[in-house]
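Novice: For reference, the chains in residue letters:
There are 2 protein chains.
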Amino acid sequence: MSESEAVSEPEQDHSARNKTADPPAGLRERKRAATRQTIERAAVQLALEHGYDTITVEMICHASMVSQRTFFNYFGTKEGVILGTAPPMPDEAATRAFIEGTGSIVGDLVGTIAAAIVDQVPDTELLRLRRQVLQNTPALAAKQMARIVEIEGNLLQVVLDRFRAHGRSEQATPDLLDEARMVVALGAGGMHFAMRAWFETGFNGTPRELVATAVDLINRVTGETPD
Amino acid sequence: MSESEAVSEPEQDHSARNKTADPPAGLRERKRAATRQTIERAAVQLALEHGYDTITVEMICHASMVSQRTFFNYFGTKEGVILGTAPPMPDEAATRAFIEGTGSIVGDLVGTIAAAIVDQVPDTELLRLRRQVLQNTPALAAKQMARIVEIEGNLLQVVLDRFRAHGRSEQATPDLLDEARMVVALGAGGMHFAMRAWFETGFNGTPRELVATAVDLINRVTGETPD
DNA sequence: CGTGAGCTTGCAGTCACTGCATTATTCACC
DNA sequence: GGTGAATAATGCAGTGACTGCAAGCTCACG
Numbered sequence: 001m002s003e004s005e006a007v008s009e010p011e012q013d014h015s016a017r018n019k020t021a022d023p024p025a026g027l028r029e030r031k032r033a034a035t036r037q038t039i040e041r042a043a044v045q046l047a048l049e050h051g052y053d054t055i056t057v058e059m060i061c062h063a064s065m066v067s068q069r070t071f072f073n074y075f076g077t078k079e080g081v082i083l084g085t086a087p088p089m090p091d092e093a094a095t096r097a098f099i100e101g102t103g104s105i106v107g108d109l110v111g112t113i114a115a116a117i118v119d120q121v122p123d124t125e126l127l128r129l130r131r132q133v134l135q136n137t138p139a140l141a142a143k144q145m146a147r148i149v150e151i152e153g154n155l156l157q158v159v160l161d162r163f164r165a166h167g168r169s170e171q172a173t174p175d176l177l178d179e180a181r182m183v184v185a186l187g188a189g190g191m192h193f194a195m196r197a198w199f200e201t202g203f204n205g206t207p208r209e210l211v212a213t214a215v216d217l218i219n220r221v222t223g224e225t226p227d
Numbered sequence: 228m229s230e231s232e233a234v235s236e237p238e239q240d241h242s243a244r245n246k247t248a249d250p251p252a253g254l255r256e257r258k259r260a261a262t263r264q265t266i267e268r269a270a271v272q273l274a275l276e277h278g279y280d281t282i283t284v285e286m287i288c289h290a291s292m293v294s295q296r297t298f299f300n301y302f303g304t305k306e307g308v309i310l311g312t313a314p315p316m317p318d319e320a321a322t323r324a325f326i327e328g329t330g331s332i333v334g335d336l337v338g339t340i341a342a343a344i345v346d347q348v349p350d351t352e353l354l355r356l357r358r359q360v361l362q363n364t365p366a367l368a369a370k371q372m373a374r375i376v377e378i379e380g381n382l383l384q385v386v387l388d389r390f391r392a393h394g395r396s397e398q399a400t401p402d403l404l405d406e407a408r409m410v411v412a413l414g415a416g417g418m419h420f421a422m423r424a425w426f427e428t429g430f431n432g433t434p435r436e437l438v439a440t441a442v443d444l445i446n447r448v449t450g451e452t453p454d
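Listed in order, the protein sequences are those of chains Y and A. Throughout the first sequence, residue numbering follows our numbering, covering 1 to 227 in sequence. Throughout the second sequence, residue numbering follows our numbering, covering 228 to 454 in sequence.
To be clear, the hints were calculated from the coordinates, so they are not data collected in a lab. Keep in mind that the hints are not guaranteed to be accurate.
[To be verified] Sample of chain A residues facing chain Y (criterion: CB under 7 angstroms; computed from the structure):
1) ARG358
2) ALA399
3) HIS419
[To be verified] SDA-like cross-link-like pairs, simulated, lysine to any residue; straight-line CA separation at most 20 angstroms:
4) LYS143(Y) with ILE375(A)
5) LYS370(A) with MET65(Y)
6) LYS370(A) with HIS62(Y)
7) LYS370(A) with ARG147(Y)
8) LYS143(Y) with GLU379(A)
9) LYS370(A) with GLU150(Y)
10) LYS370(A) with MET59(Y)
11) LYS370(A) with ALA141(Y)
12) LYS305(A) with HIS62(Y)
13) LYS143(Y) with VAL376(A)
14) LYS31(Y) with MET65(Y)
15) LYS305(A) with GLN157(Y)
16) LYS305(A) with THR77(Y)
17) LYS78(Y) with ILE375(A)
18) LYS78(Y) with ALA366(A)
19) LYS370(A) with LYS31(Y)
20) LYS143(Y) with ALA313(A)
21) LYS370(A) with ALA86(Y)
22) LYS78(Y) with HIS62(Y)
23) LYS143(Y) with PRO365(A)
24) LYS143(Y) with ARG259(A)
25) LYS370(A) with ARG196(Y)
[As the list claims (entries may be wrong)] To spell it out: a stretch of chain A is covered by chain Y in this simulated footprint if at least three of its residues, at any positions, have a beta carbon under 8 angstroms from a beta carbon of chain Y; those stretches are:
26) 258-268
27) 336-347
C-beta: ideal position from N, C-alpha, C; glycine also.
All chains should be built: construct the whole structure from the sequences, respecting the hints.
Specialist: Given below as structure tokens:
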């Protein structure tokens with residue numbers, strides 16, 4: 001009863017853009033988004049300049065002119081402000097494509113997840129700075145990777161759907177659930193590879209290239225077994 | 228390496244009763260080991276009874292009759308005392324066996340790592356209690372899994388050795404290093420599966436059975452490609 | 001023995017994070 | 001436009017993990 005926040009949780013917020021707000025949302029909402037962004041930028045900025053470990057929440061608050069309490073209302077933790085929003089699930093279309101796919105199942109899974117993450121971000125500048133911070137702070141990079149595990153449950157369902165779509169049942173294969181779990185686990189491993197390349201060793205190339213490379217490697221290593 | 232004493236109370240006088248078979252250590256060293264164990268047991272005990280999140284380091288210190296400072300001298304963090312020692316690298320023989328192996332490379336890798344962990348401690352009572360604590364504390368279980376990453380660097384070397392032993396060179400395959408990285412990443416994923424089964428859903432069976440199951444699944448999913 | 005190395009401890013302090021009560025804003029409705 | 005009900009921002013006081021430092025204590029060894 002301490003890991004999860006009690007009161008307010010960092011809320012999703014896709015409407016926050018760099019400049020003017022596209023959606024004519026209420027003033028309240030707009031202000032909120034602005035504050036959030038101010039804090040985020042100040043934090044990333046400071047972390048880049050002085051190192052994540054040496055800066056304090058108080059510094060961030062001072063730089064962004066909010067109270068410490070407000071900081072924690074927005075981002076539950078000091079990590080939270082650097083890591084940003086959690087990696088998203090693939091959208092409807094991508095999910096369907098995966099389910100009906102016929103390539104190496106692990107490779108397909110990694111490609112699908114990675115594509116979802118890559119497609120997500122509009123704010124490239126902030127993203128780059130974030131990435132730099134993670135490069136200098138291995139502990140944070142590890143946390144970021146661990147986040148993929150959070151959507152593991154959903155992925156499991158999708159993998160099972162693919163199995164069924166391919167005519168496999170739990171009657172024919174009693175441990176089909178375990179097999180799906182293993183696919184997800186291996187997929188997480190593949191993502192681990194990709195994110196390590198992306199965060200730690202500054203991969204010089206587009207994210208798409210990175211994904212292609214990773215999927216290619218997985219297929220080579222796992223032998224491209226359809227499923 | 229070898230701790231098998233049953234000193235369940237703080238450093239009381241254990242004058243002539245010490246069946247120290249292997250360690251012909253000095254008094255100092257023995258005392259140290261005893262203290263360590265006392266703290267460990269108290270901590271695990273308390274965590275089991277009240278939950279990891281609700282107990283404090285002070286409670287542990289009180290129960291094991293050491294100062295807080297001493298606690299942190301032994302285990303740098305509150306987590307540390309529950310997680311115990313980090314997972315070890317496979318020994319010489321196991322490593323060689325892996326290098327010369329011809330099975331699915333990811334499966335072989337997971338089998339080798341898992342075997343090393345399983346062989347590590349002759350199923351102590353403490354181990355079982357630890358496992359229970361992790362079952363009740365997902366955040367800790369996650370940390371434990373993340374620990375495998377710590378030996379990633381060494382594993383990478385071993386995988387490369389296997390490649391070379393099989394006649395593969397970086398000249399024939401320019402991105403051989405990346406391929407090895409991917410193998411390690413997928414292997415970590417496989418371990419993830421096994422540890423999840425072991426810690427979170429109390430797998431009822433011997434650790435060896437679990438390993439066999441996991442390797443079997445990996446081979447099925449990845450198509451048993453030799454390498 | 002006596003002395004130095006290694007352990008343990010108390011203490012003071014930093015920092016992340018939380019609950020609660022209060023004040024300031026914004027919204028919804030009249 | 002004014003007003004009361006949300007909602008957000010803040011101050012404050014506290015908890016708990018963790019660290020550096022400066023003793024004091026214990027064991028090892030000549």
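Novice: Of all the hints numbered above, which does this structure not satisfy? Sort the numbers upward.
Specialist: 1, 2, 5, 6, 10, 12, 15, 17, 19, 24, 26, 27
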